[in-house]
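**Q** One line per chain: the protein sequences are A and B, in this order. Counting in numbering that gives the first Met the number 0, the first sequence runs without a single skipped number right up to 329 at its last residue. Counting in numbering that gives the first Met the number 0, the second sequence runs without a single skipped number right up to 343 at its last residue.
In case anyone wonders, no lab produced these hints; they're calculated from the structure. One or more hints might be untrue.
Listed next, the in silico BS3-like pairs over lysine-lysine satisfying Cα-Cα at most 25 Å (straight line) [unchecked claim]:
(1) A/K323 with A/K5
(2) A/K78 with B/K86
(3) A/K117 with B/K139
(4) A/K206 with A/K96
(5) B/K139 with A/K58
(6) A/K68 with B/K243
(7) B/K243 with A/K129
(8) B/K86 with B/K105
(9) A/K315 with A/K249
(10) A/K116 with B/K248
(11) A/K116 with A/K129
Residues on chain A that point at chain B, a partial pick, calculated with CB under 10 Å [said to hold, decoys possible]:
(12) E87
(13) E159
(14) L176
(15) T244
It should be emphasised that the depicted structure is a prediction, and the values quoted were computed from it without experimental measurement. Backbone N, C-alpha and C fix where the C-beta goes; we use that ideal spot for every residue, glycine too.
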Amino acid sequence: MARGEKVLTVEKLSIDYISRRGPVQAVRNVSFDLYAGENLCIIGESGSGKTTMGMSLVKLSPPSAVIKKGTILYTLGGKEYDVRSMSEAQLRAFRWKEVAMVFQGALNAFNPVIRIKKQFLDTGWAHNMKDNKEILRRSEELLRFVQLDPKRVLNSYQHELSGGMKQRVLIAMSLLLNPKILIMDECTSALDILTQRTIINLLKKIKEEMGIAFIFVSHDLSLAAELADRIVTIYAGRVVEMGTTEDIFKNAVHPYTRGLIKATPTVTGNEEGLTSIKGTPPDLIRLPAGCKFNPRCEFPTTQCYQEEPELVSIGKDHYVACLKADQSRD
Amino acid sequence: MPAFLRRLAKNFLLRRLLAMFATIFLVVTLTFFMVRLMPGNPIEVYINQQMSLTGISYQEAQNQAASLYNIDLTSPIWVQWVDYMKKMAVGDFGYSFSSPGTPVIKMIVDYLPWTIFSVGISIFISFILGIFMGMYIAYKRGGWMDHILSSFASITSSVPNYLVGILLLIFFGVQLRIIPFSVMRGTAPAGVEPGFSLEYLWGIFAHAILPMLTYIISTIGGWILTMKNTTMTTMGEDYVLVAKARGLKESRIIVHYVGRNAILPLFTTLVMQVGLLIGGSPLIETIFVYKGIGYALSNSLAQRDYPVMQAIFLCITISVIFANFAADLLYSKLDPRIKSNVTE
Ligand SMILES: Nc1ncnc2c1ncn2[C@@H]1O[C@H](COP(=O)(O)OP(=O)(O)OP(=O)(O)O)[C@@H](O)[C@H]1O
Ligand code: SF4
Ligand SMILES: [Mg+2]
Chain A
0 MARGEKVLTV EKLSIDYISR RGPVQAVRNV SFDLYAGENL CIIGESGSGK TTMGMSLVKL
60 SPPSAVIKKG TILYTLGGKE YDVRSMSEAQ LRAFRWKEVA MVFQGALNAF NPVIRIKKQF
120 LDTGWAHNMK DNKEILRRSE ELLRFVQLDP KRVLNSYQHE LSGGMKQRVL IAMSLLLNPK
180 ILIMDECTSA LDILTQRTII NLLKKIKEEM GIAFIFVSHD LSLAAELADR IVTIYAGRVV
240 EMGTTEDIFK NAVHPYTRGL IKATPTVTGN EEGLTSIKGT PPDLIRLPAG CKFNPRCEFP
300 TTQCYQEEPE LVSIGKDHYV ACLKADQSRD
Chain B
0 MPAFLRRLAK NFLLRRLLAM FATIFLVVTL TFFMVRLMPG NPIEVYINQQ MSLTGISYQE
60 AQNQAASLYN IDLTSPIWVQ WVDYMKKMAV GDFGYSFSSP GTPVIKMIVD YLPWTIFSVG
120 ISIFISFILG IFMGMYIAYK RGGWMDHILS SFASITSSVP NYLVGILLLI FFGVQLRIIP
180 FSVMRGTAPA GVEPGFSLEY LWGIFAHAIL PMLTYIISTI GGWILTMKNT TMTTMGEDYV
240 LVAKARGLKE SRIIVHYVGR NAILPLFTTL VMQVGLLIGG SPLIETIFVY KGIGYALSNS
300 LAQRDYPVMQ AIFLCITISV IFANFAADLL YSKLDPRIKS NVTE
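The shape of chain B in the complex, shown without the other chains (with noise of 0.2 Å):
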């Protein structure tokens, strides 16, 4: 094998870059073949259903699916399985079921980004606080601030995040009367012009505002406890003791000797939870109405609108394959020791 060749292959990036490919392609092409195989798949259910709704005939149904699922249903499977590649590999996902007419993909352009800013800002903040609080209540084990989070912590991360999402409903919509639910479903503040102006601004926060409680109450919990954990483990290393002897000052031990190997572990699970972010959670956003794609997803199911459905999914996938592999890098990053592993 000529050298260039060899050091390619001995590359760790490139070799994750085409294993996390393949696993995308795999993907693709079982929801494919699932999709077209399976007894009683969507498409012939909705040849079915056509025809005895509309009373038109097959070869008609069978045109309306072809072009609702972007397939040519008379070629061969593999030609047909080609040209499905083909067609996810430019992102065109066939039209809406449900609406007809609009393409999938213009679906996903329109609810993602709500997910992503809700979900994002509420991993970010969750995360953040969570480390801060694990840490805390390690250093200031047994007092009142540990018991209250911990106690705090170990209920809610228990609770399931759709009932702390019916709770946060009830209490704050319906008892306190606090916030005005029915001005706040949706993503947007009617009426205002999108854009970068504060009150634009300061109106999608204030509709995402609940999604996004729901979201940190139900995370917390968890990074509480394991910072708590891993810093607590941290702080009785050798290295912490031995820093001590030098004379390091407490805040340089706390943030660099105790925090940094502390936080280590945590980058994983961080890493992963924002791979799943793209899947949003249907339930809750479907409990507040905010219109992103997890309420779009919930939508799809109950509408049993396939090509949409199949999208997200796809969405999801990627995000998560995409994820472990940010995960990887960003751990070979943080940690030393993984890297002289992974690039020797």
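Bound-form chain A, shown alone (with noise of 0.2 Å):
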């Protein structure tokens, strides 16, 4: 596929949560690129740091979480935005105009004393959209397109509409400035078998038709198969992979991404070869020496206790952080 312009640059980022028990570094290092137009799958285990990851993009961390070093670097219709850098005016007026988030958090993502329809043209308003019926046109048309009723939707509040129509809800409602860039995390999880399959959809549809960037952050291999262009997978707050999706199904190196494609059924295709990697992921506070990854590696040598493997280039666009990588490929 015909790569874009690079529009997103994350480069050495770590954060980390300040506790009492110390700092969890919930991520660390992490570097990667989004060009334009592009489907990037973020995959990694439950409290790996992707939500944490996600939220720093548009700077909506909670105040515990602290940005240590790295940038966050957007460039859109020829315009830079360093987001650490950036006011928050700067911020508000380039949330959702430039790049939207949907929250894995979205059952609970309206606010339950105001219409829906009140705010779609909340949205509008705060991004200097003045006429009315044009915000209610384009939020009608939006509904529309993820197959909801607008007429009925727009008149509801939030506690009228099922789990599955409110996540289409905020799709539509996040494609209403046409941004640029959807960040998207976990915004199937909490659904049913049949409604995931109506948003997967409906996701394809846009990037199809509407040649939005986006970035999918899961937990679940088996839709970054469907969804993805490139992968990466990140474990312990850290990318331990990064390839394109033929790469990372065809060729994973990492014994990480192995092990999730192998506990993956859709991707494996038969149940019984299904088996779970071993052990729980590390506590972030205090961190194993070496490659983080050692507790649960099949084959760590005495070097992968001691050192921690950078992410290297071992092809076009495929990328590994592991000391064995050389000798580990098929």
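Put the two chains together into one complex, using the hints given.
**A** Okay, here's the thing in structure tokens:
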């Protein structure tokens, strides 16, 4: 696939949470790029720091999160936005207009005492859309696009909508201002299989028809298989492998990525062959020395306990952080 | 059942109204039987008192009592009850005991407005100031304002209101002599024609200032603390985060996303307070010799003026029941989640 221009550069991003027991190293030295019109999936187990990273991309991290270092740089419409140095006012205008983020907690994403219609209007007004008719026309169009009845939804309160409906309303709302990038955090996790299906198809449609760049955050590799152009796997706050979808599913190198693939039914195709990765994710306050995956790795070497591997290129667009990257290739 | 009857039966408002009147009916009936059937009930006590004091016959004393309580003591009890209920329905509460010849209803009409005026304004001011302060310190958590207001609120909300009243009295009236307390007794300035003149309005306001200050000081802490609490909880809601992600203006988020949701749980308490307002505060009004319904109540208690007591208790009961009803209605107007449960 022809690659668009680079729209987002994340470089050496590290984020800690201040906690009583000490700093929680939720994101460590993460670097990746995003290109116009592509779908980048970020995959990792629960607690691996995906949400923490996603929120920092629009500078909405909770107060206890501290960005230790790194850059988050957008290049959109010929303009550069260095998120970390933007003022609140600049950020306010930037959010949703340039980069919209659909959160993990979408089921509770709407103000319970205001009608959905008003919340669409609110969104438009905040970004200088003055014409109510125009905002509503666009809202209705988008709601139809996500296969909802616009009149009914607009006149509803959030408690009158089902989980899947709310998720779709939020997706529709995220498209209201034609953002160039859409970040979606676990936007299908809390939903049943059929509704998940609807949303996945919807996202495919958005990608094809609107040319928006996606960052799709999930713990579910089978979703990535369907949606992604490129996949990033993160473990304990760190990128351990990054490559095209084909690279990842055909030539995964990192033991963690391979473990994830083996644990995903729709990818391996047969249920019997499924094996989950043994062990549990590490404590992000007291990380093990050397490679953070060593307690769960099948064939660690002594070096693995001393040295943390760097993310290195092992092919065009294929990067991996494993000391045995060379031997472990198929 | 005919369709319109079924609709009526399903009508929330109607059901609530019926329930409300049934409660009031029950309360009035209960008061009637309590006063009439209790051993050593006030009427018997009165009759005996009159007999021993003035040496009149039982018959005469009974007649006096009957006219005082506005009931016929010779007919069967259920007839008396029907009679009593009829009189209650038109606001005929009989005559006061301690000031013979004064209808109870007139006393209520004289005293009640002052309580509604002073307590009403206090509740309003206290609520408005309280929620703004509570919200402010929720946003400026850990700042000096937070420390000051939170400590003030915890202290004042744990001190009983009559103590606040006495302290104010000592502080302003006795120690500082700022407020000429002897002139401030009562509810209205002496020698000023009642009406909408500035002088009169200022006068009644000045007379109410100490009771009002007492009410405000003793209730505002509760509002501050509750509002701070609900605001902080609401600030952590997903929809507030999403509103920020949508790029909404800070002011819009504060008012429509945090404020509206944080204030909701406070409304029930507010309306209930308005309901209790009728009871006034006997202690506060007595401390400041403010002639509201609470003052009348404590006087009637001291003088065993049963007809007055009975009428005031009835007023309190009715207003509490009404407030309950109003709270339900208001809440279902303010919170769409309740409305849809109720009108389905
Ligand atoms: N506000 C916070 N304060 C302290 N620690 C936090 C906070 N939020 C998250 N963490 C910790 O940071 C780590 C990363 O959390 P994060 O929510 O980013 O994970 P995630 O990959 O999104 O997980 P999931 O798949 O469950 O959503 C976890 O160990 C979590 O316990
Ligand atoms: S570096 Fe060593 S421990 Fe880490 S994943 Fe590679 S082989 Fe396993
Ligand atoms: Mg998450």
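**Q** Compare the structure with each hint and give your call.
**A** Consistency of the hints with the structure:
no.	hint	result
1	A/K323 with A/K5	31 Å, violated
2	A/K78 with B/K86	82 Å, violated
3	A/K117 with B/K139	29 Å, violated
4	A/K206 with A/K96	17 Å, holds
5	B/K139 with A/K58	21 Å, holds
6	A/K68 with B/K243	24 Å, holds
7	B/K243 with A/K129	20 Å, holds
8	B/K86 with B/K105	15 Å, holds
9	A/K315 with A/K249	14 Å, holds
10	A/K116 with B/K248	18 Å, holds
11	A/K116 with A/K129	15 Å, holds
12	E87	8 Å, holds
13	E159	7 Å, holds
14	L176	8 Å, holds
15	T244	28 Å, violated
When the structure is compared with the earlier hints, violations turn up for hints 1, 2, 3 and 15 and for no others.
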